[in-house]
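The listed protein sequences correspond, in order, to chains A, B, C and D. Numbering follows my numbering, with no gaps: position 234 of the first sequence is 234. Numbering follows my numbering, with no gaps: position 212 of the second sequence is 212. Numbering follows my numbering, with no gaps: position 54 of the third sequence is 54. Numbering follows my numbering, with no gaps: position 236 of the fourth sequence is 236.
Since the hints were derived computationally from the structure, they do not count as laboratory data. The beta carbon of each residue, even a glycine, is placed where N, CA and C say it ideally should be. It is possible that some hints are incorrect.
[Said to hold, decoys possible] Covered by chain A, per the in silico footprint, the following chain D stretches (three or more residues, Cβ under 8 Å):
#, segment
1, 135-146
2, 177-186
3, 190-196
4, 297-309
[Unchecked claim] A short, non-exhaustive set of chain A residues, derived as facing chain C with CB atoms under 10 Å:
#, residue
5, Y68
6, N70
7, N102
8, L108
9, G144
10, L324
11, N331
12, C344
[To be verified] Chain A is nowhere near these chain B residues, computed Cβ spacing over 10 Å in every case:
#, residue
13, G159
14, G213
15, R340
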Amino acid sequence: MPWAAALIASKETSIPSAEEGRILSYVEALNEALALALEIDPHVLVLGQGVNDPKGMFGVTTGLSAKYGNARVFDTPLSEEGMMGISTGAAMNGLRPVYLHNRPDFLLLAFNQLVTHASKIHFMDNGKTKVPMVVWSAIGRGWGSGAQHSQAIQGLLLGVPGLKIVMPSTPYDAKGLMLSAIADNNPVVIFDHRWCMRQNGVVPEGMYQVPLGRGVYRRNGRDLTLVGTSHTLEMAINAVDSLEGEGITADVIDLRTIKPLDGEIIIESLKRTGKILVVDTGWEMGGVCAEIGCLVAEKAFYDLKAPIKRIGLPDVPSPAGFTLEQFYYPNPEKIANVIREMVCKQ
Amino acid sequence: MPWAAALIASKETSIPSAEEGRILSYVEALNEALALALEIDPHVLVLGQGVNDPKGMFGVTTGLSAKYGNARVFDTPLSEEGMMGISTGAAMNGLRPVYLHNRPDFLLLAFNQLVTHASKIHFMDNGKTKVPMVVWSAIGRGWGSGAQHSQAIQGLLLGVPGLKIVMPSTPYDAKGLMLSAIADNNPVVIFDHRWCMRQNGVVPEGMYQVPLGRGVYRRNGRDLTLVGTSHTLEMAINAVDSLEGEGITADVIDLRTIKPLDGEIIIESLKRTGKILVVDTGWEMGGVCAEIGCLVAEKAFYDLKAPIKRIGLPDVPSPAGFTLEQFYYPNPEKIANVIREMVCKQ
Amino acid sequence: MKLIKYKYSGKGFAPYLSGLKSNSYEKEFLIRFYRDMLRIRLIEEEIERRYHEDEMKSPIHLVIGQEASSVGSCGALRPEDQVYCGHRTHGIYLAKGGNLKAMMSELYCRTTGCAGSRGGSMHLFDKSVGMAGSSAIVAGAIPIATGAALKAQLTGESWIVAAFLGDAAVEEGAFWEAVNFAVLKRLPILYFCENNFFSVCSPIEVRQPENAEIYKKAESFGLKSVKVDGTNVLEVYEASRNMVEYARSGKGPAFIESVAYRWRGHGGAGDDSHTGYRDPAEVEHWQQFDPVKSYYDFLEQKNLLDGETRLAISKEIEAEVQEAFDFAINSPNPIEDDLYTHVYSD
Amino acid sequence: MKLIKYKYSGKGFAPYLSGLKSNSYEKEFLIRFYRDMLRIRLIEEEIERRYHEDEMKSPIHLVIGQEASSVGSCGALRPEDQVYCGHRTHGIYLAKGGNLKAMMSELYCRTTGCAGSRGGSMHLFDKSVGMAGSSAIVAGAIPIATGAALKAQLTGESWIVAAFLGDAAVEEGAFWEAVNFAVLKRLPILYFCENNFFSVCSPIEVRQPENAEIYKKAESFGLKSVKVDGTNVLEVYEASRNMVEYARSGKGPAFIESVAYRWRGHGGAGDDSHTGYRDPAEVEHWQQFDPVKSYYDFLEQKNLLDGETRLAISKEIEAEVQEAFDFAINSPNPIEDDLYTHVYSD
Ligand SMILES: Cc1ncc(C[n+]2csc(CCOP(=O)(O)OP(=O)(O)O)c2C)c(N)n1
Ligand SMILES: Cc1ncc(C[n+]2csc(CCOP(=O)(O)OP(=O)(O)O)c2C)c(N)n1
Ligand SMILES: [Mg+2]
Ligand SMILES: [Mg+2]
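Let the sequences and hints guide you as you build the complete structure.
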């Protein structure tokens, strides 16, 4: 069994959507976005370890180098910090690099360039230089990925000024947010989740953008506001749908981007429901859950009727063994249990 | 004017303390802690760029290499990631390296070793290997430090399992927490603040430890709980003291360490005051303020009588110019104003 | 994509037959190498055979084709010497005297695994045989190994360190940082680079310029450096022995570039040449230089080994393998509580 | 601490007097180099004189003693060529044609500064003269410069890139990562390393092994590489011209190690030898090889320059300097709103 395949989602899924278009997989949607960007803008580059090998980053980059050439779609040495700076320098001079990583863990090697350089140059030189680059990586989960190959590090980057952070949950958004990120004149980090990769969904042909910084409702309900991104959405929706029979309904908000963070939509919903549960693929402590929890306690305190709740990862490194992984990660049942508790306690 | 000096605190200060001992400066207290550790344990190393040069890291390492030799107290090449790994490997084999950095910004070059290796090895190998190392750095503030030389990155590390993070505020704690950190069998990051360096305070002679993970009250009051660490304590205390005349009093909690985080003391105080203000030297978004705000909204919601408030840095890189710095950083007046508002609003 | 056509076909096994002063080695000694290589081969073939059952939920990286590098190098080490490596762990662990049951249990993610199921294939740790650390981050273990060597030097240990890396690891800056420090301090460490021309599916020529040979770069940094035929166990052994002696005697660190080809795909079971990143004929070509078979032919020709003994050896190994798999499969899984242990050390 | 005693005293200025085919250069051309060096010297001396006033609240790093490196290298560049550098910016900015008023305003943190007060001395940016980026993180600008060269290559620009670094920057792994990529892609870039034997107060021998010369390491990575007398402006110029030609013609990247001594302390005003990290006699020794004075002596001997012209030149510069300081001091400070602009680009 080729484990690279095992490490992406284990089954095909889909999140229903109101949009019109063909049904594509998440991977196909990403591939289409990159092809489109390469097609319409000669300044777009796609680079990363293995982007032009036959595996093509789970298929995300398949065919691109054949069509757009090895000068614009190219493999890189194993030099994350160096290549992050090289992408930054290229972007400062008008190219639009999309730098792909197999796993977010590898970004930790490049934090100096990403955090201290790419994100700050526009501010530091008083707005003269723009840094239009996209840094993409695919979060791993389970199947032995272990402590060094499955870190969901979005929480580590949330505080960094000048950076945008995108975490799509559907094929539609994967394409539309990728196109927005490439079009954006700032460094944008996209975390896609390997467990979203086999999701199918409606994806319009051609160019469209999903705006950065705006969340969207995936379910409308009464009893609770459930906020998440990326792969957590599928779990959240499953959890909420499974509670319908018990008469529990919830707003499910897909933030799409965590920086800028759409506080408005969260508070709007909270005003109706009075309760909030935040779900994230990363560690609970000091991460996305913490920021949203604090934001609400600060900005919407008087609408809050019960303690906020967060479901992310415990303050423990990812174990590599299958058994412990089952205890480590959230799943729809765990989420449903927490919702049930929050709603019934009242 | 030698700017290295200008970049540490501009004036001498002190936070009164109940402890007994001589009056030492913050720098002297740190120096004494290192000397003591080197003295009693031959496995302790002190390394870092310039640790044995005449400037001796603001004086923190002055005299150590002369006394304990260049084999144990040594200058390093400019290789943060490499030296972080080297310290980790030395620690895994029974040495106790204390790796010093002039600024936290430089740690960003070493996140791969710090986050993905040092912090996780003990867990990954099922508890067989210990990693007793200390990573120290001195946060800069103002005087043109700018976007790349004054990042207070504790918020970026808060989520990392396996790591401990210490942020002392007094000479007493600087010594006692350093000794605890060196004695600890885990990687411990200490952020000292350059603006604490000229603070004087009571420091006992010889060996003593301040426990990691336990906060302490610096003031007792009624109207509000003010939580902070490091240099924010001085500002917080000044702010609170300045309000005494207006009849406002507050609990001021010095967390001392932000990971492990002493949630108990925060909640204990909050139960009395009902209001909380968190102050941090780092960015508000996704940082220490966010974690504490969320924690309280989660664990002590029913004791909370008003929105939580946070004062840190706005979501903006540090400017280098003096004028903008004044607007960028918190100060006692800003803190006092927020307290006044929180208390009077009721 | 340009393929490496039959690169390095000039050497092969000629050196064995001509150069060896066979009476300078004991017969047992020579046979042990054969046995060790065959053992690795048979174990990995059995892992491959059972991998599709999806019970070993761990990303594996097989060393088949490169066995002579593992065995020849570890053959020059003492039991107390330490080894560190990357993701491709099996050959090194086994050649270093690793416990097959503990390894298989780790691959099956059982509590009896050498990392208690927290590591998996990429993270074999076993202090009892000097398997001191492996990292899933390319080059991640290099600085750590260098730190171990620093400890060995400072406290005058009898052991030295060998750090294993692939050809891609030298693209990581941290490698050169570690090497600079090791040369500066004359640390007792051997860097053993297995150049198999690939990083996942990326051939070396898209990652490194052709005019910069790895072992020559190492030499320019001050390492004692040599390039060897990595399919020739005796050539690897002799070079390793010289380098280990050099390092152990305090002269400083050394470097070996050992050239051999990986027969299987980067990860998982089976060859993946059909995907197109390398010519299946290239694999076939390299299979002429089978380290196990060629060495057998050589021993046979020298009348040191015959078909009967060979069969006996392989039967013995097969029985051991069977036992190890049974042991692993029948070992217990961890329980939920295990997730929360060893995050911190006491 | 061992001092570098009078290292590199063998060369000095002999090459000027013997080697130069003086009629291969125009008189004006030769005098321009003198003027440019003297200008840097006089400006920095004036900065030093006024630094104690504490109005330039910016960490400065003076280039006095190394002027020939800045002027000789930038003299070989075209106006449209880009330069990137570290913290020691003044010489490069001025030699590249920088605007003195904009520089002084930046040091005084005024809105008229070349980075609008957000950068300070360590972060001079000025696209109009090709000052494309400077980073306060050692080696931080190197990968960025390499990315600029990638852009130049991909879109066939007429400009090339020069990246300036210190001797310590080659200890950072990112430097070698960038260099590997530049050679791999044959990028049009010159890496110009100013070896002044020190990193802050750390002499090179505690950071790099003696048997590994910087320019030879660069050569082993495939760079065209040479070492020059960095106090001899014509030697620097000629080497730079050759290397720039090489890079511009598409042959690939090049490297120059330029040896010169920093007369002042690492940062701030004045020499700091008295602190003990270097022998004041060492500074005196090096002052014999004053790039400005020696070059004057040479020109005078060749009857190309006399005392009168020299005086006129320096008067002219002094007037310019005066004007620039006045301009800076009388320029407006930023206002609070400026803090929040250019965090993100539209
Ligand atoms: C820092 C980092 N980047 C990328 C990866 C993904 N990755 C895992 S193994 C590997 C190939 C490494 O090649 P090499 O060092 O030659 O070792 P080999 O697999 O050939 O034995 C890569 C790129 C990683 N693990 N770590
Ligand atoms: C990554 C990093 N580590 C440490 C520092 C602190 N630092 C600032 S300048 C400097 C010296 C650099 O020496 P070199 O590269 O030789 O340049 P020079 O100052 O001699 O011109 C150091 C260590 C830094 N700025 N960046
Ligand atoms: Mg390889
Ligand atoms: Mg230097």
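Against the structure, the hints come out as follows:
As drawn, the segment 135-146 of chain D meets chain A at 8 residues by the rule of a beta-carbon pair under 8 Å; at three or more, the given contact holds. Here the segment 177-186 of chain D counts 5 residues with a CB under 8 Å from a CB of chain A, which clears the bar of 3, and the coverage holds. For the segment 190-196 of chain D, the assignment as covered by chain A is violated, since 0 residues bring a beta-carbon within under 8 Å of that chain's beta-carbons and 3 are needed. Only residues whose C-beta sits within less than 8 Å of a C-beta in chain A count toward coverage, and the segment 297-309 of chain D has 0 of them, not enough to reach three; the restraint is violated.
At a threshold of 10 Å, the smallest CB-CB gap from Y68 of chain A to chain C is about 15 Å, leaving the interface hint violated. With its C-beta approaching chain C no nearer than about 8 Å, N70 of chain A sits inside the 10 Å limit, and its interface hint holds. Satisfaction of the interface hint for N102 of chain A is found here, the shortest Cβ-Cβ separation to chain C being roughly 9 Å, below the 10 Å cut-off. Below 10 Å, beta-carbon pairs count as interface contacts, and L108 of chain A has one with chain C at about 8 Å; its hint therefore holds.
Annotation: interface hint on G144 of chain A holds; nearest CB of chain C at approximately 4 Å, less than 10 Å. For L324 of chain A, the suggested interface contact is upheld, since its CB lies about 5 Å from the closest CB of chain C, less than 10 Å. Because the beta carbon of N331 of chain A sits about 14 Å from the nearest beta carbon in chain C, more than 10 Å, this interface hint is broken. Taken as an interface hint, C344 of chain A does not check out: its beta carbon lies about 25 Å from the nearest beta carbon of chain C, beyond 10 Å.
With a least beta-carbon separation of about 4 Å from chain A, G159 of chain B fails to lie farther than 10 Å from that chain, contradicting its non-interface assignment. Every CB of chain A is more than 10 Å from the CB of G213 of chain B (nearest about 12 Å), matching its label as outside the interface. At roughly 17 Å from the closest C-beta of chain A, the C-beta of R340 of chain B stays outside 10 Å, upholding its exclusion from the interface.
The structure does not agree with the numbered hints 3, 4, 5, 11, 12, 13 stated previously, though it agrees with the rest.
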